[in-house]
Amino acid sequence: MSGPTSRLATRALGALLAFAATVGLAASCGGGGGSEDSGEPIKIGISLPLTGEFSQPGTAAKQGYQVWAETINSQGGLLGRQVELDIKDDASDQNTVVADYNALISRDQVDLLMGTFSSLLNLPASAVAERNQMLYVEPAGGAPEMFTRGFQYLFFAQQATADHQGDLFVDYILGLPEKDRPQTAAYPSIDDPFAIPVIDSIKAKLEDAGIKTVYEDIYPPSTSNFDSIASAVKSADPDLIAHGAVFDDGIGFIRALSKVGFQPRYFFETSAPSGAEQFSNGVGIKNTEAIFYAVSHTPEAKTPGNEDFVAAFREKFGGLPAEDAADAFAVGQVLQTAVEEVGSIDDQAALADYLRNNQVETILGPLEWDDTGAPQGQFLIGQWQDGKAEVILPEEAATTDTIIDRRPGSD
Amino acid sequence: MTELIQTIAFGLLVGGVYALLASGLTLIFGVMNVINIAHGAFLILAAFLTFSLWSWLGIDPLAAIVITTPVMLAFGWLIYELTVRPIRRAPPSSSVLLTFGLALVLEAVMGLIWGNQSHSARPSYFTESFHISGIVLPKAQVYACGLAAVVLACLWLFLARSWTGRAIRAAAVNPSGAELVGIDIVRVSALTFAIGVGTVGAGGALVSVLYPFLPGSHYIWIARLLGIIVLGGMGSLRGALIGALLLGLAETFTQTYVSAQWATAVPYAVIFIVLLVRPHGIVGMRLREDVAA
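Chains as they are written, first to last, in the working numbering: chain W, 93 to 503; chain L, 2 to 294.
Bound-form chain L, shown alone:
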């Protein structure tokens, strides 16, 4: 029984962090129909920024979120204006190519600045754990998962309660209709892209503590995050949360009860099966494009 609870705890802690990392990716797709392949590279960039703040200035990596989030938000806006906006009306495949190219450029730049070597932040609690009735809860995972929940809650409140958030949701559901009622779609897209990249400012800070990383680590992350948002339903924040928790649980359950060797294959097999039953993901909206058209 202890082993089962332990496995669930690990899965939820991992999944909670995955949810934050995937939230920006799904938000950008939902509003802009852009599959941001550079999302993993933005994540690693934020992890490097956090690492530098920790190693040079001694700032706790999790506290560094208050710096990395606005920095990445501004960076996201800049990237949107310089690269994504010019191809706004191009087919989605163009944005895939563009953002893949961006990822490669970012990887090279990170290699030049920080070197192609493994990095990881090591605050005092990085290998410490809470022990509750035989269950181990790594402190870094608990803090990271808690912060992810706070950031996701803030994001949800912003989207649900603020005028700008409603404009973003309107643009996601029906861009033409949103434009008709006076919403500036270009500005909303820029803001969405910036917020999407801003979320990895927080996510990168968490990654810097939890996992060793190097510039090339973005490949692993983008594959995992795409899997999450496809599972949950592309464009849905709630779907990203559900998909992330399911993937986290699938990984840890496979490692514990099947074999670590299957820890990559089993979660993607789950995604495959879910898509066979629900091709639009668990909570995806199948008719969005039809409505918008």
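In isolation and in its complexed conformation, chain W is listed as follows:
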């Protein structure tokens, strides 16, 4: 051959060789994790709400992931390889979080995934992981509906799902002497897939025990004025308020209660009070007194690795870690245990099988899951006392013997 035909053939051959080389390179580099002794870092993909509505807990979760990565890298890495986090910002948006995890899997070809924050974002994000058959351990996202979809790769790295968050608090209330037991209760809640099941569960149990519901309402996440809601709650005059909150709304509602001059004897709130100094700075120290909340972690816990985590966090970011940071760190521990026990990151189904069949030690305590990936433990119950967040229940994890049974300013 000669002339144009020859040149065409040469170009075609060149293109074929280039394609073959590309395919070969791709096969040797990527896809599902590569070999353990490649020496290259293990890339872990994460999307978090670093801006937008959930940026408060999202930022804390990022800190927890970072502390875990630095800790494991300083110990020689995972399977002898350094860990590299690829963290994207989903701006608290369900569409963006889906795009992020798709990009992490398809374009960035990460080896492993870690979950995002809130049930709202984990609902679609976990579906992306499931579709790609990748293990998805999430630090938040305890809404019961997360675990009714028959997913095989989803695991929640806290002690229990949302509908069990208030169990110990309810037990405490129902165990009070008759004279101290509340007769009436109010249940305001944000429209959030995590907060609502917590409050619904508490309400159902208290109603069964004869505690009358005098107020219940759900407000949209965009609510910023709580004075009218607080005023309506005040008019209902409940002995107990169980408030479903995320963060800013939790602060806004507590401030509004103070403004309208009403305090119930018992006040339980989801999520916000576990925000450490961020919470007390928001409502003011004196307004934190006697607030009950469910929590997965306490800096004082004697769980394996907790002391080191708290110290590492304090060194890197200053202050005490918020609950969301600890939950993210626990996700790292769960992932680490599964990978080390299985001995590979190639078979994600094997990692999921390991977690389904074994208990994992974390800074939150031992975690274990049922077939749906729902955890089978029990939350801690905390209470703000004298400007400090204490664990009061269960007794074996309590950091104090005192439980304050009357909020200051209540009748």
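Be aware that one or more of the hints could be misleading.
What the hints assert, rightly or not - Straight-line C-alpha distance at most 30 Å; calculated DSS-like pairs for lysine-lysine:
{"no.": "1", "chain 1": "L", "residue 1": "K140", "chain 2": "W", "residue 2": "K326"}
{"no.": "2", "chain 1": "L", "residue 1": "K140", "chain 2": "W", "residue 2": "K480"}
{"no.": "3", "chain 1": "W", "residue 1": "K408", "chain 2": "W", "residue 2": "K378"}
{"no.": "4", "chain 1": "L", "residue 1": "K140", "chain 2": "W", "residue 2": "K378"}
{"no.": "5", "chain 1": "W", "residue 1": "K304", "chain 2": "W", "residue 2": "K326"}
{"no.": "6", "chain 1": "W", "residue 1": "K271", "chain 2": "W", "residue 2": "K480"}
{"no.": "7", "chain 1": "W", "residue 1": "K135", "chain 2": "W", "residue 2": "K408"}
{"no.": "8", "chain 1": "W", "residue 1": "K326", "chain 2": "W", "residue 2": "K378"}
{"no.": "9", "chain 1": "W", "residue 1": "K408", "chain 2": "W", "residue 2": "K180"}
Claimed, not checked - What the simulated footprint calls covered on chain L by chain W, stretch by stretch (three residues with Cβ under 8 Å from a Cβ of chain W suffice, anywhere in the stretch; the number is not a length):
{"no.": "10", "region": "126 to 135"}
{"no.": "11", "region": "227 to 234"}
Hints were generated in silico from the structure; no laboratory data involved.
A virtual CB, placed ideally from N, CA and C, is assigned to each residue, including glycine.
Put chain L on the given structure of chain W with help from the hints.
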């Protein structure tokens, strides 16, 4: 009866603050035909500045208005010269895109400086209230609403009585005519944009006391403020005041008498109904563009 009066009081106190926050947005649109999507981000920036003045220097957040207002005014002028002026003659959609981009950049910068975490100023009165015959009037709301009224009154006096204010109004009503009588439209636009952003210097100070905020909070605010000026009539200061008070009352009445769940939907349904009857808003001027053309 007490509940009704209480609900009206809450609605007016909230609406009064909304009016100040929306005034700059409507002013900028009236004069420049620019829908400033970054207005909410400017508001949150002013709230962060106030928070810093309060937490670092101990300056009362409401007193900080005397600092934040001129700072935001200067910032507004700078933003106008750097970004808005070059697209002055472009279609309105360009200014929407530009200011949306500005909002995103500001959100990111605020996140870098202050962190993406919740903030709120807590002066001594932040949870205190006046109690008058069973009616609760939160002190922070009362002070904020009073200050909003003072700032709005000053703004109105400036627009109605000063030569520069008249020039701004002339530019809003008929830019071509204003130019013909010697008004420098570019300078007036720059001044208007700066004043519009300056008003959120005061508004941000109020927000910092009344509501927890973080960099991403601007989305909620811009949606609410756009609703107010559309309801009142885009470009009208009086319309912004009426729209803000109506929205404030609609929010609190819905929370009290319907359900908190509807507190977002009902006010926007009211806007929808008003626009069906008066597409140019309650006091909007329907023929302004025809006159200017």
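Violated hints, by number in ascending order, as checked against the structure: 11
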